[in-house]
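Trainee: Below, each chain spelled out in residue letters.
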Amino acid sequence: MADEKAPTVDELVKKFQAIEKHSDRCKFFHDNFAALATIFRPVHFPKPDEPAVPSEQPVVTA
Amino acid sequence: MPGAINPIQETQIGAVAYLFGITNNGTPIAMTGVASMELDSDDVNLTWKEKENTDTTGNVQNLVQTNFKYERTVKFMPSGANRLTAAGVADAVFTLQNLVVANYKVNTFNGSWRIKPGTKVSLKMDDDASIDIPCEKYVNAAQNTQLTSAPING
Chain A
1 MADEKAPTVD
11 ELVKKFQAIE
21 KHSDRCKFFH
31 DNFAALATIF
41 RPVHFPKPDE
51 PAVPSEQPVV
61 TA
Chain V
63 MPGAINPIQE
73 TQIGAVAYLF
83 GITNNGTPIA
93 MTGVASMELD
103 SDDVNLTWKE
113 KENTDTTGNV
123 QNLVQTNFKY
133 ERTVKFMPSG
143 ANRLTAAGVA
153 DAVFTLQNLV
163 VANYKVNTFN
173 GSWRIKPGTK
183 VSLKMDDDAS
193 IDIPCEKYVN
203 AAQNTQLTSA
213 PING
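These protein sequence lines map, in sequence, to chains A and V.
Here my numbering is used: the first residue of the first sequence is 1, the next is one more, and so on.
Here my numbering is used: the first residue of the second sequence is 63, the next is one more, and so on.
Simulated from the structure, these hints should not be mistaken for laboratory data.
Some clues are possibly wrong.
[Said to hold, decoys possible] To give an idea of the interface, some chain A residues facing chain V are shown, with a C-beta separation under 10 angstroms as derived from the structure: (1) H30; (2) F33; (3) A34; (4) R41; (5) V43; (6) H44.
Ideal placement from N, C-alpha and C gives every residue a C-beta, glycine not left out.
Using the sequences and the hints, build the whole thing.
Mentor: And the structure:
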């Protein structure tokens, strides 16, 4: 099996920006966090299973 | 990508050459995550933190200087093969964490720049949209690498 060369940050960024659906883009961001988070701010790309706006979660009081 | 062609070089005549325009090193200037842009202006200044220590009469007898860094404001117009891709550039700049710049002829402008608060996209009636990004780069390479790395995850 031929060795697959790891994609460069530039290649990942181009792939990332070509993804149209935001939730797919978020998933791709977290699958490639180490590289893409050096370019893009994670707050714009929450993990798919995370609420987009945590402050809108109900407040639990004692 | 700045245009389909490299900027056409100006002609200079005289005893000395001036640095004119925003010039590249032979390869088009690139900013990772910014698919296409037309540079308008770019200012870098060197700064640092300075603490004055005084003697018993209040006169400065010592200066402590730390955190040498370049501060920059880059201004460009978003562009693209069509209006939709140009608009995509304007959206994308808000999501940038760092600005990774390559191919300036003045090498100090190249490298990884931490984006500071205040990225601005200006839409104007009867004019091109423009983008301003304030950013900084620490002179100490190791320090700059740390501060432009991926945020702590978890």
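Trainee: Go through the hint on A34(A) and say holds or violated, using the shortest Cβ distance to chain V against 10 angstroms.
Mentor: holds (6 angstroms)
Trainee: Answer holds if the nearest beta-carbon of chain V is closer than 10 angstroms to that of R41(A); otherwise answer violated.
Mentor: holds (4 angstroms)
Trainee: Does H44(A) meet its interface restraint, that is, does its C-beta lie within less than 10 angstroms of any C-beta in chain V?
Mentor: holds (4 angstroms)
Trainee: H30(A) was flagged as interface toward chain V. Is the shortest Cβ-Cβ separation under 10 angstroms?
Mentor: holds (9 angstroms)
Trainee: Should the interface hint for F33(A) be scored as holding, given a Cβ-Cβ cut-off of 10 angstroms against chain V?
Mentor: holds (6 angstroms)
Trainee: Does the CB of V43(A) sit less than 10 angstroms away from some CB of chain V?
Mentor: Nearest chain V Cβ about 9 angstroms off; hint holds.
Taken one by one, the earlier hints all hold for this structure without exception.
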